[in-house]
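Visitor: Given chain X's structure and the hints, the job is docking chain B onto it.
Line by line, the protein sequences give chains X and B.
With my numbering, the residue at position 426 of the first sequence is 427, and numbering never jumps.
With my numbering, the residue at position 194 of the second sequence is 855, and numbering never jumps.
Because the hints were derived from the structure by calculation, they are not lab data.
Warning: the hint list may mix true and false statements.
As the list claims (entries may be wrong) - Covered stretches of chain X (chain B as the covering partner; in silico rule of three or more C-beta atoms under 8 Å from a C-beta of chain B):
id	stretch
1	157 to 169
2	178 to 189
As the list claims (entries may be wrong) - Okay, the calculated beta carbon distance ranges per label pair:
id	chain 1	residue 1	chain 2	residue 2	range
3	X	Leu6	B	Asn757	38 to 44 Å
4	B	Gly679	X	Trp115	53 to 59 Å
5	X	Leu79	B	Pro832	51 to 57 Å
Glycine included, each C-beta is placed from N, C-alpha and C at the ideal position.
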Amino acid sequence: MDTLLALTVAGLVTGCIYALTASGLVLTYTTSGIFNFAHGAIGMMAAYLDWQLIAWGVPVLPAFLLTVLVLSPLMGLLVERLLVRRLGNASLEVTLTVTVGLLLLLIATAQTVWDAHTARRVQPFFFGKTVTVGGVVLSYHQLIVIAAAVVVPLALWAFLRWARTGVAMRAVVDDRELAALTGASPSTVGLLGWALGSSLAGLAGVLLVSQVELNAITLTLLVINGYAAAVMGRLSNLPLTIAGGLLLGVLQSLSIQYVSIGWLNQIQTSIPMIFLFVALLVAPPTRLRVGQLAPLVAPRVPGAKRSLVAGAGFLAVAGIVTAVLPAGRVDAFTHGTAVAIILLSLVPMVGYGSMVSLCQLTFAGIGCVAMAKVGGGPLGMLVAILAPAAVGLLIALPTMRLRGLYLSLATLAFGYAMEDNFFQNPSVMGDYLGQKVPRPFGIDNPRAYLFFTAATFAVCAVGVLALRRSTYGRRLVALGDSPAGCATIGMSIRATKLGIFAGSAGLAGLGGALMGGQEGVVGYTDFPILLSLTLLLMAVVWGVRTVSGVLLAALLIEVVPMLNGHLGRIGDSVLPLLVGLGAVGLGKNQNGIVGAVLQKLPRRTPTLPLPRQHSEIDLREEVLTSAQG
Amino acid sequence: MTVLTAALELRGVNAGYGKVAVLHDVDLVVPERGIVALLGPNGAGKSTMLRVASGRTEPTSGAVYLRGTDVTGRSPERLARTGLCSVPEGRAVFPNLSVVDNLRMWTYRPGVKRKDVEEQAYARFPRLKERRRQLAGKLSGGEQQMLAMSRALTANPDVLLLDEISMGLAPVVTAELFALVRQIADDGTPVLLVEQFARTALEVADTVAVMSQGRIRVTGSPDEVRDSVLETYLHAHPAPPV
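Chain X with its partners taken away, still in its complex shape:
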């Protein structure tokens, strides 16, 4: 009984921190409409800044106040001014990518500035002092956490309830334009929302840091756990969000003692992600929005003849490259081409269907492991495609009614839980030496294997383009544009969605198997969710709507690390930095770099670019006017 009580209290304390970070997330989401994926990274940065201030000799309390009240809000202000403002009403994959880019950028910055190999610890407040309440020993630090979790939400509630600026914040959420017409400034309100939200993330980060070691990735992922609580509050309801945070903390704490499933070795750490998944499933379905017009003109889809010619051209180039490449570079190019196949699996899903999957590397990993278990023959290749496809179907079925951001979060929860329980599971990956992966069809010559991988890419790419031109491809695009429209014309959303999940996962699995074959051995840390995010980011930055875009993205992922040797420690940050900058540029051009270039090229048929940022009523007016004039 005592253990139960003690664990519940400990869980409540962690839950308080989740509640704080989730409230911050909800605040930024409601005021700006953008889900700040980097919320966790902002909390992490705050923890590092706090440590740095203390290391410079600033006393604990001033350092804490400076971090939470000045530095963290400042980060929020910068993000709002430099990134969020440019996004306007950008599509989901762009807003997600930009904030994911920010997340990776902040992690890279932290790892560059504060060398990750040095252990750093931050003492809890009033270290060593405790009180005993009802038989449970509570440290002063835990009391402070509880106090913060009581006082801050109450203050926030009072502010939103009674202050005019608080009322204005709610008004902007309700009707941005009308708020401006009454004289409240939506842009100031947006700034305030980001400053407050970041401050809360910072508070959570600083309170968390004494419980774990100062590590950029661990801290970021810990704060990300709080996202589950925000989803329970439907990203809008603060009291429910806080309740979700507390519940999550308690569940996680109790599970350490009472839940043990032998073959799922990390089930306890995955509780937040299971919680997130369940919260997504039980929450009421999002209503379909009618009358939305896709603001984007997608890049032109090449015809059958052109894509075949391009495919043949690619093969020819690949053949020459295979022949002339220095021996030391062959493996990197093979790896890059395999990554290109994984990225290609994003094109139909994200580029055509506008469903943003955050777990593509998980599918790749499943394909890789499946082939490793079965063997490199034709059967193994088939299993490498079918196993992830089946898993894709399993994910698609429960998430059928989820759309947009919620669907993405579900894939995130899945990928994150798989990382802990599947890829880090000894019964899957073998011991610490890792799992041996055979080369498909026993192609052991590195050059032959490179050409084989390139040929696979070419075939798959031509196939993806053919898919886009087919009826199914048109359905996919229609589904991305307007699910409501699809439903009204009697199109089956279900079949289209199941198909794309299975197909995309299968293609990723094939890429994963080829990648594993090149590496020879895969281990516990080869399929992390953060790498899935990086892949998505690169694909979107270079153009996830085009095959050439993802090919370039994959090659860049391989080429940039080659520079690392020349740049020293900074080299590790070059890729995330480039990606982060690319993400900033996305705000301007949402088709990615390749998409932007393609649109500059002359077209046979002139098109009328759809202007952005106005309502359907304006569009109706405009259509009528242009029809008359």
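Guide: Leaving out everything else, chain B in the frame of chain X:
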């Protein structure tokens, strides 16, 4: 200030969305007193004109003057604080805010006090006082329009822009609304009223401007334009394809 200063003036305004031009060289004067009604068929550019006047759409050329000051390109919130009160199309209230909170939002104009707004609004519309704790979205259409109009009533604006306030309301409520607009105008606030339904507007307005296809076709007193209004509306130009 000269005698000729208008409350609101649009001079040679061109505006549109992207490459599509909607307004072509529009000139419009809203004098210091009275009601100007802007009529025109669907798609004539009336709402765009109000968007330009309230700062929500920047004109590609031309200028907007508020009491003789060039305010072209000023943000909507600055214009609102200066004294331009714009009630947009549809219900111009915050549906997820309570009535009291909505009234709180009417206090952004400097000099407007929270207490005065509540007193005046409740005095004119006792129904709002009964419902002050309710969400505005839960009010009836007429009550929502009352709440929206309470902003015009309490802000004492330099000029009042109303966009199709009668849309979707019962005829009785519409008549009440227009009586209120008349009263506001008689108390000294100049009004620019955009309407699709010509009859009601012709009854209440002092000056009428008729628009079609992004241009102002006729301007004059209701009696002067009454005959040409319907002509402009129905015959002179092809009906828009619907």
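Visitor: Evaluate each hint against the coordinates.
Guide: Against the structure, the hints:
no.: 1; hint: 157 to 169; verdict: holds (count 3)
no.: 2; hint: 178 to 189; verdict: holds (count 10)
no.: 3; hint: Leu6/X / Asn757/B: 38 to 44 Å; verdict: holds, 40 Å
no.: 4; hint: Gly679/B / Trp115/X: 53 to 59 Å; verdict: violated, 47 Å
no.: 5; hint: Leu79/X / Pro832/B: 51 to 57 Å; verdict: holds, 54 Å
In this structure, the one hint that does not hold is number 4.
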